[in-house]
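*Asks:* Sequence:
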Amino acid sequence: MSATASSSPAAALADGRPATELHGPVLDWYDDNARELPWRGPDASPWSVMVSEFMLQQTPVVRVLPVHQAWLTRWPTPGALAAEPPGEAVRAWGRLGYPRRALRLHAAATAIAERHDGRVPSSHAALLALPGVGEYTAAAVASFAYGQRHAVLDTNVRRVFARAVTGVRYPPSATTAAERRVAQALLPDDAPTAARWAVAVMELGALVCTARTPGCGRCPITDRCAWRLAGSPAHDGPPRRGQTYAGTDRQVRGKLLAVLREAEGTVSQAELDAVWNEPAQRARALDGLVADGLVEPVSPGVYRLPLT
DNA sequence: TACACGTGGCA
DNA sequence: TTGCCAAGTGT
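For the first sequence, the working numbering gives the first residue as 634, with consecutive numbering after it.
Everything labelled a hint here was simulated from the structure, so no lab data went into it.
Derived CB-CB ranges, DEER-like:
hint, residue 1, residue 2, range
1, Gly674, Tyr878, 34 to 42 Å
2, Thr706, Pro912, 35 to 43 Å
3, Gln914, Ala667, 41 to 49 Å
4, Ala824, Gly864, 36 to 44 Å
For each residue, glycine too, the CB sits at the ideal point set by N, CA and C.
Using the sequences plus the hints, can you model the full thing?
*Replies:* Dropping the structure here:
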């Protein structure tokens with residue numbers, strides 16, 4: 634047990650040194666290697682950060698970049714987005730995928746306009762209450778936009794900690810209490826450093842400590858990484874569930890919604906029928922889109938992106 | 001807890 | 001080519 638205030642049994646490295654020794658190398662590495670992204674830096678608004686976090690859920694940075702820029706130009710504030718129909722958010726979402734995120738971002742903007750005077754809230758609890766904001770996004774916005782001290786546990790951070798601290802190749806499929814303890818134990822004491830640490834660890838996971846072929850030769854903490862010290866053992870446990878896609882309802886939903894996005898106004902049943910030749914699955918997918926609020930029935934056989 | 005939910009690039 | 005993977009959330 635160390636005498637350092639932020640230390641705990643969970644915060645010890647494989648060689649017995651306190652895990653706080655990771656802070657310096659990782660922060661220094663970030664200073665030299667951080668990407669310049671529009672939602673980073675002192676001029677980025679909390680709204681810009683929040684939009685980026687929604688878009689980055691399960692979607693790579695390179696694909697988010699152009700859509701984020703167009704989005705912020707068109708809707709520089711939550712109120713601007715809330716003033717337009719949700720269908721416009723879905724249309725502007727383009728091909729980022731998981732379009733329910735667009736609907737939730739619109740709903741979040743509406744809630745911010747109505748309940749928070751048009752300003753993105755800064756408290757973790759208020760953020761968490763917004764549609765589409767879960768544990769990760771609430772912590773990310775509070776940390777990145779407002780400089781608060783929160784454990785920000787995304788897939789990158791979880792992988793870095795799994796390797797450097799726990800000594801395994803991959804983290805568990807779902808976030809565990811043990812992972813939260815590790816993240817909390819490693820959080821620097823003061824808020825500004827904690828916020829920089831959060832983004833730095835995430836960046837390290839995104840650029841160096843990657844899933845398939847980690848760049849250990851470029852890693853600032855490779856000499857104290859528990860996984861490396863253990864000989865970089867292979868993944869131990871059940872195979873990680875892959876995402877099936879071809880032939881699924883998801884694929885059909887995507888094709889249907891693409892037609893709606895590219896249409897000026899309404900689309901006919903015939904236009905939708907053309908994208909998938911299996912009637913039952915096509916109908917089920919369309920029903921699902923309507924149930925989710927992504928598509929609005931206008932009249933029998935006529936559909937459009939939602940106006941309300 | 002496990003599954004549904006888009007899309008595209010890379011090995 | 002096929003499967004893995006990408007700053008998760010809601011149910």
